[in-house]
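Novice: Here is what each chain is made of, one letter per residue.
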Amino acid sequence: MKHFLTLLSHETRMLLVSPATYIAATLFLAFMGLIFTKILELYSGTPQELSPASVYFQLFWLPACVMVPLLTMKCLAEERRLGTIETLLTTPVTTTEVVLAKFGAAYFLYAALWGSTVGFFYILRKFSGDARYLDSGPLLGGFLFIAVSGLFFVAIGVFASSVTSNQSVAGILGCVMLATLILGGNALSDSTWLQQGVLKPVQSVIEYAHVFGHRDDFARGVVDTRHLLFYFSGTALALIFSIFSVEAKQLHA
Amino acid sequence: MSETPPAIEVSHLVKAYGGVTAVNGISFTVARGEIVGFLGPNGAGKSTTMRILTGYLTASSGSVNICGVPVATQPDEIKRRIGYMPENNPLPEDMRVSEYLYFRGRLKEVPRRKLGPRIDEVLEVCDLKRVRHKIIGQLSKGYRQRVGIAEAILAEPPVIIMDEPTIGLDPHQILIVRDLIASLRGRMTVIISSHILPEIEVTCDRVLIINQGRVVAQGTPADLRREIFGHSTYRLEVAGEAAALLAAASRVEPTLQITEESVPDLHGFRQVTLTTSRADDLGEALLRTLLAQDVRVRALKRAHPSLEDVFLAATRRSWDAVAAPVRPAAGGNRDRGPEIPTGAS
Chain A
1 MKHFLTLLSH ETRMLLVSPA TYIAATLFLA FMGLIFTKIL ELYSGTPQEL
51 SPASVYFQLF WLPACVMVPL LTMKCLAEER RLGTIETLLT TPVTTTEVVL
101 AKFGAAYFLY AALWGSTVGF FYILRKFSGD ARYLDSGPLL GGFLFIAVSG
151 LFFVAIGVFA SSVTSNQSVA GILGCVMLAT LILGGNALSD STWLQQGVLK
201 PVQSVIEYAH VFGHRDDFAR GVVDTRHLLF YFSGTALALI FSIFSVEAKQ
251 LHA
Chain B
1 MSETPPAIEV SHLVKAYGGV TAVNGISFTV ARGEIVGFLG PNGAGKSTTM
51 RILTGYLTAS SGSVNICGVP VATQPDEIKR RIGYMPENNP LPEDMRVSEY
101 LYFRGRLKEV PRRKLGPRID EVLEVCDLKR VRHKIIGQLS KGYRQRVGIA
151 EAILAEPPVI IMDEPTIGLD PHQILIVRDL IASLRGRMTV IISSHILPEI
201 EVTCDRVLII NQGRVVAQGT PADLRREIFG HSTYRLEVAG EAAALLAAAS
251 RVEPTLQITE ESVPDLHGFR QVTLTTSRAD DLGEALLRTL LAQDVRVRAL
301 KRAHPSLEDV FLAATRRSWD AVAAPVRPAA GGNRDRGPEI PTGAS
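So the protein sequences, as listed, match chains A and B.
Its first residue numbered 1, the first sequence is counted upward by one per residue in my numbering.
Its first residue numbered 1, the second sequence is counted upward by one per residue in my numbering.
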């Protein structure tokens, strides 16, 4: 891992000079700002049971499904399309270093964008002058969920980019995979037909991978090691498959 | 005391994928400091062989050693010993030239304090100083090629592998790149593939011709001419009887034979081709003897097959070998050697 930091700083710089990054960032901040404004309007009209922070993180899936593919679709697909992957892998770097650096840079940006939304809560606290609006428990839990789940989501985006040399295909594939993971589990979790005897194991798997359920636990301050294991092992698996995918393309070049 | 291993040593290299054998038992050696040209038609296996040399692709069988280090078992070590410029010279579009070279230098483990002066040096050598702050995507083809070469020589590796470095360049740019490659002679071992055969002839010490995944000829351009054509050819414009010409020519070299003869023009002169197995130049002796024997000679020229002729003949010979059924006796075709194209001079 001798060259990881060189590659990581290069990848981060490349992401910061890419127009796609700024499009993703603008869309994300505009969308999250809109959600936050709507939440404030709702709370100013009628009293609510949940804190604004809990509600804020309920719509995490939309930016995750759109922004993550935008940030990751270019990373390996573009290298392959231009052929620069060949020059990169004929220097003393390993495929693992390349994939991890690309993952690290995309994750850094994803986390930084979410991190910048702390400003919304700071502004609310500053102008309302009421500490109750800044419910630190759900806020910290929500951001912790974003940080942990982001690892897996970004790794899925990197994997999607590793299987094709077409950025658009990588973007769509990443979006579909993330939507299947996040929304598919949610849609199936309430299905009664899954509760039949034979399908019980399937239901338990869906329950284990139920991202919305994880979010609710994190927001309540419950940091379950099973959830952490799910995201960490998922991240590791997606990255290992990305490395295999790059190496397999080399073998069959 | 042990001998220094050659820069590149390839033995019985085979690469097969998708039912196609792209490289089929290639063997060759390149000495240190040598510049070797790699020739072959499209799909001959040049790029695949080069990619295997760099460790980017793995071979199906056979062995490749770079400076004595086996590529198959120590690919990381190999990557420290080579500078590689792939086909079409892929470069990141949105980086500045100096920024790109700095990044590549760091990846190639050039010490940080040496990297700045080394970048200045390669920018100077490749005449890139004027564009060092320009974005690569905005550079012309010639500059981009030079950025690729600068990157390949940046870490001063003992072996440089360049896949068609002069493709798409104008004659002026080709000259610059040719001088650049020639300046590496003796310091680095260079292996380049190209379709521009005069370039290879001028730049390279030795040529390897590859076709259908096999080495069909190798040696210096002069050796190849001898090996492929196996004879010297003289073109004359003479008047008079063929028998008188042959009799006079036999006084110089008994093996001289008339192989081609055109119809006489209005002045009675016709073009005659004489061939002999002798390799040394008989031109002057032939001219003197013919004139002494009162043979009317208007022109005499030794046909000098170009590398292009050698390349075409060598690749045609390999195709013939594959297409033709196996015959027990050695055919006259190989013994006679291929015909020199009419245009050769």
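Any given hint might turn out to be false.
Which stretches of chain B does chain A cover? Using the computed rule of at least three CB atoms under 8 Å from a CB of chain A, they are [what the hints assert, rightly or not]:
#: 1; segment: 46-60
#: 2; segment: 213-227
Using 20 Å as the maximum straight-line C-alpha spacing, the simulated DMTMM-like pairs for lysine to aspartate or glutamate come out as follows [as the list claims (entries may be wrong)]:
#: 3; chain 1: A; residue 1: 2; chain 2: B; residue 2: 260
#: 4; chain 1: A; residue 1: 249; chain 2: B; residue 2: 120
#: 5; chain 1: B; residue 1: 134; chain 2: B; residue 2: 120
#: 6; chain 1: B; residue 1: 141; chain 2: B; residue 2: 156
#: 7; chain 1: A; residue 1: 2; chain 2: B; residue 2: 76
#: 8; chain 1: A; residue 1: 249; chain 2: B; residue 2: 237
#: 9; chain 1: A; residue 1: 2; chain 2: B; residue 2: 34
#: 10; chain 1: B; residue 1: 301; chain 2: B; residue 2: 260
Chain A is nowhere near these chain B residues, computed Cβ spacing over 10 Å in every case [to be verified]:
#: 11; residue: 18
#: 12; residue: 76
#: 13; residue: 79
#: 14; residue: 80
#: 15; residue: 88
#: 16; residue: 90
#: 17; residue: 92
#: 18; residue: 108
#: 19; residue: 109
#: 20; residue: 113
#: 21; residue: 140
#: 22; residue: 151
#: 23; residue: 258
#: 24; residue: 287
#: 25; residue: 295
#: 26; residue: 312
Derived by calculation from the structure, the hints in this document are not laboratory data.
Since this is a predicted model, take the numbers as computed values, not measurements.
Ideal Cβ placement from N, Cα and C applies to all residues, glycine included.
Novice: Residue 134 of chain B and residue 120 of chain B: Cα distance at most 20 Å?
Specialist: Holds, at roughly 15 Å.
Novice: Is the Cβ of residue 80 of chain B more than 10 Å away from each Cβ in chain A?
Specialist: Per Cβ check, residue 80 of chain B is inside 10 Å of chain A; nearest 5 Å; violated.
Novice: For the pair supplied as a hint, residue 301 of chain B and residue 260 of chain B, is the alpha-carbon distance within the 20 Å limit?
Specialist: Distance ~14 Å between residue 301 of chain B and residue 260 of chain B Cα, so the pair holds.
Novice: Count residues of the segment 213-227 of chain B with a Cβ under 8 Å from any Cβ of chain A, then say if the count reaches three.
Specialist: With 0 residues closer than 8 Å to chain A, the segment 213-227 of chain B misses the three-residue bar; violated.
Novice: Is the claim that residue 151 of chain B lies outside the interface with chain A correct, judged by CB distances over 10 Å?
Specialist: violated, 8 Å
Novice: Can the restraint linking residue 2 of chain A and residue 76 of chain B be considered satisfied, given a maximum Cα separation of 20 Å?
Specialist: Roughly 12 Å separates the two Cα atoms, so the pair holds.
Novice: For the segment 46-60 of chain B, do three or more residues have a beta carbon lying closer than 8 Å to a beta carbon of chain A?
Specialist: holds (count 6)
Novice: Checking a non-interface call: every C-beta of chain A should be farther than 10 Å from the C-beta of residue 287 of chain B. Is that right?
Specialist: Given a closest Cβ separation of 55 Å, the condition holds.
Novice: Any Cβ of chain A at or closer than 10 Å to residue 108 of chain B, or is the non-interface label fine?
Specialist: violated, 5 Å
Novice: Find the nearest Cβ of chain A to the Cβ of residue 88 of chain B and say whether that gap is larger than 10 Å.
Specialist: violated, 6 Å
Novice: Taking 20 Å as the top limit, are the C-alpha atoms of residue 2 of chain A and residue 34 of chain B close enough?
Specialist: violated, 33 Å
Novice: Between residue 249 of chain A and residue 237 of chain B, is the straight-line Cα distance small enough, at 20 Å or below?
Specialist: violated, 60 Å
Hints 2, 3, 4, 6, 8, 9, 11, 12, 13, 14, 15, 16, 17, 18, 19 and 22, counting from the list given before, are not met by this structure.
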